[in-house]
Every structure is written in C-alpha cells, then in structure tokens.
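All chains should be built: construct the whole structure from the sequences, respecting the hints.
The sequence shown maps to residues 1 to 509 in UniProt numbering.
Don't take every hint at face value.
Unchecked claim - Estimated spans, in silico, between C-beta atoms of each pair:
# : residue 1 : residue 2 : range
1 : V378      : P148      : 47 to 53 Å
2 : A210      : T341      : 48 to 54 Å
3 : S175      : H327      : 22 to 28 Å
4 : R238      : A210      : 49 to 55 Å
5 : E138      : Q103      : 18 to 24 Å
6 : S168      : P148      : 19 to 25 Å
Calculated from the structure, these hints are not laboratory results. Yeah, the Cβ is synthetic: ideal placement off N, Cα and C, and Gly gets one too.
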Amino acid sequence: MPSPDSILDQSSASSVVESGRTEKSKLAHVDSNPQRSDVAHPIYGIVPVSFGLSVRFRTALVLTPIKLGAFLPGGGQHIASWRHPDQPVDGAVNLDFHIKLAQEAERGLFDAYFLADGLAVAFGGGIEGGNARVVGFEPVTLFSALAPFTKHLGFIATSSTTYEEPYSVARKFASLDLISGGRAGWNVVTTATEAAARNFNRDYQLPHAARYQRAAEHVSVVKKLWESFEDDAFIRDRESGVYFDTSKIHRTNHSSEHFRVEGPLNVSRSPQGHPVIVQAGQSDDGRDLAAATAEVIFTAHQKLDTAQEFYRDIKARTRGHGRDANHVLVMPGVSAFIGRTEAEAREKYDRLTSLIIEEDGLALINALSGGELNLVGVDLDGPLPPAPPTEGMKSRQELIRRIADENNFSIRQLYQWIASARGHFTIVGSAVQIADTLQEWFENEGADGFNILPPWLPTGLTDFIDLVIPELQRRGLFRTAYEGKTLRDNLGLPFPHTRWSNPRTEAAE
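Structure, rendered in structure tokens:
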C-alpha cells in the first residue's frame, strides 16, 4: 500500500505534476500563423505564439482566457487549516479578514469570490471538536458587506432550492446584484444532508431525483421573477410624477407542482441584467440541471480524462437544451500547495497534513460518503469499507470511493489526501508545474477555468497570486486587467435579455 509521499511522487493527475514545461501547445482553436512572433492585446498584453497562443477563440476576434474563481471560506479550506500559525483562528467569522481576502483576490484579478453554504453544522451535524467550519457567515449577507470594498471582483453565493423559496432567493440575489453594481452570482444547490432537513421542519431530506425536479422549477421561477421589470422601466421623472412605466412591469403568475408565485419581484434589474447562475452538477440529474440552467458549472475531478468526459457531456447537453455551449463555463475545483520549488511545496503539504485531528479526518470521509459510514473501531491502516447507498451527494460518494480504490489508499491516507479539497483536484508543486497542469486541462477541453481552493488563508491565496498568476500571464493564459465592470463582462457571458425587451448591445466600459 503506497504512502502519501509515494502518491506525491507519481505523475498521475491526482498528484504532483512532473517538472518541465509542455513542449508545444496542443490547442486546436488558435491562430497559429507562423509569420507572427507575438500578438498584442489590450487586456492580455503580448501573447507569445511560441507558447501556441495559449488562449482560445470563441470567435475569430475574441480572445478567451482562463477564468478563475477563488473559493475562500474564512476558516480555510483544509480541515486543519485553522491550526496553521498563518491562518486567523477566527477567520470564518472575522469580517475584516474577509475584506482583506476580497481585496487580495481582486489584486490577483480573479473573476469571483465564491462561498459555499451549509444549513446545518458541518459533517452531518456531528461535532468532533476540531472542525473550524462549524460556523460561518451567510454568504449573501457577507458579500453585501464586502462589495463596497471592491470594484471588479464578482461574488458567487450559495443558496438552496430545497429549503428556500424562489421569491426570497430572487429578492436577496437581485439586491446583492444592485449593491455590487452587477457582480453577483447564485450558486444553485439542492442540499444533501439529513441534518439540514431537521433544521427546516422535516424529518428526512427529499430523495435525490425529487430535489432536482424541485430545483429545476425553482430556478425557472427565480428567472421569471428577475424579469419582472424591463431594463428601461424606471422613468423617475419628478416633474410628471411618473416613477415607472406600468407597461414595463410584469407579474410572474407561476403555478405548478412545487411553487405558486404571483409576482412581480420588488427589486429592479442590475447593470448585468440579473445574477450569473452557477451550479455544481456532477450526478446525471445534476448535469442535466446544469446544462439546462447554469452559466458556470463547478465540478470535481482528479484526472484530466474524467474532466474531459464531463466537459464534452456538459457541452453536448447544453446544445441539447438549445443553448450556446460557449455560454456555459466549466470550472473544476483545484487545491494547490505552491512553492518556489517542488520541495518547498511538499513541506507546506506535509505541515498541514501533520495538523489533522484523526476524528475530523474520519468525519470528513463519512460526510463525503453519504453520512452513514460507520468508521468507529475500523483499522485506519486498512481499506475503506463500502458505504451504504445515499440519497445525499451521490456523485461525491462515488468520487471518494474512486480515489480510495485507484490509489489503493488506507483510510488514514484517504483523509490525509482529501483534507484540503474534499474530492477536488489537489496539486503539490512549483508555480511552473501548477501552471503546466492548468494549461493542459484548459487547452485539452478539460476546463474553461478553475475554482481555486487555497488550503489555508491568506498565504495559500497570496502564493497563487504572486507565483502562479504571473506564470499564467506570461503564457498569455490570464488577463492583466479586468475586461469590464460586471461579473458577466469579466466572464465573457452575454447580457440576459428579458422576454419583454428588444435585444440590445452591451459593451463593457
């Protein structure tokens, strides 16, 4: 059975990337004119053709760089991060710290600050005492406080379609969108824990399929509510006394299996129309919901080949729903331990690994395996036992099983490996190695961008900004300035016209 160190020595995509740069770009969607040595661009600077002009073209004239989200739970992403001396122990509920994180992410030109959310104490409600993620701010509330301290950074907050009503979701996200000047995004989740159900007047969670049926209708209603006012509905003329054009406000009048909503919404549209819709579809039901409704899709993959399969499937499903696949961005999660050398990165990984409390590691495995996996008294140096079927996170349960089996991990090795990313891709290496990997996934249609999960904060975020981003910029893979003022502008997503409005051209200022 391999040790964690031996796993880190492997060259597979679930471990450290081998040193050395990819010899030649494998992009198929590039201008490969051999007569040019470089290309000047106002946002991406001088793009070297020697690197294969490593940016995709959506059209002949529009360069499409890697998109980057920053997943920044204030308490850190790694389950032992709060014990690291660089990490504020109260980071999860420290507003000043979150402000600094937002400003740091904006310094790094990230597209968005992303936050997940939970409706119960983490790890299925069990408190082992070493988990700093038992508390945290409600994301929309937090982002409303952070928005005034930034100018370009987007804010993607999570909200549940199972335990929240469409009108409330539409109202609070439309408000965040206005407060931020058009920089809000809604991460659609169905919530997959029994503990959450018990906090919302239910004995059991809804079955998996039922949650996704409800979610599809929920998103549809929210989008209708966001179209209550046309873009030019507000006249606000003091002399005439006319505040809005009554012909440009519309009731929702939705009545179906799960919801009855009359409308209209009492919040107007924002400079980007309405918030960007994000979804973390991984199961078959999740993929179809994402393809039908989402504009950004977060996903978890350990290897390029599974990421490519997901990417191709999502794009095909998107087209099957009559949508433009270029307007749906696939962004896998990546947790990076970064050093100026590979050895330095290994030291950082080993330091955090040494801080894991055993009970918290077992609780993490149980939570990601459906919440019903009894590991009490099990040999930690033995294999992971089978988990009971779950109505919770089916895809994550399957992923954790796959990680354990493909790497021949013991239980102890498994929780050490997933502690920083909870099933997302983990990389330990130098900035060049990490940039190589991101470039490979991007160029070979494994991703349109990445949701970066720094293992601990603020150092993990600062390392990525100061070491990896300059390397991506040097290769022409990432912006050197923001493209516009709204989240849609910076993600390259189109303006969402209402059913009532004539299409209009939206140009980033």
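Here's how the hints hold up against the structure:
no.: 1; hint: V378 / P148: 47 to 53 Å; verdict: 50 Å, holds
no.: 2; hint: A210 / T341: 48 to 54 Å; verdict: 51 Å, holds
no.: 3; hint: S175 / H327: 22 to 28 Å; verdict: 25 Å, holds
no.: 4; hint: R238 / A210: 49 to 55 Å; verdict: 51 Å, holds
no.: 5; hint: E138 / Q103: 18 to 24 Å; verdict: 21 Å, holds
no.: 6; hint: S168 / P148: 19 to 25 Å; verdict: 23 Å, holds
No hint from the list above goes unmet by this structure.
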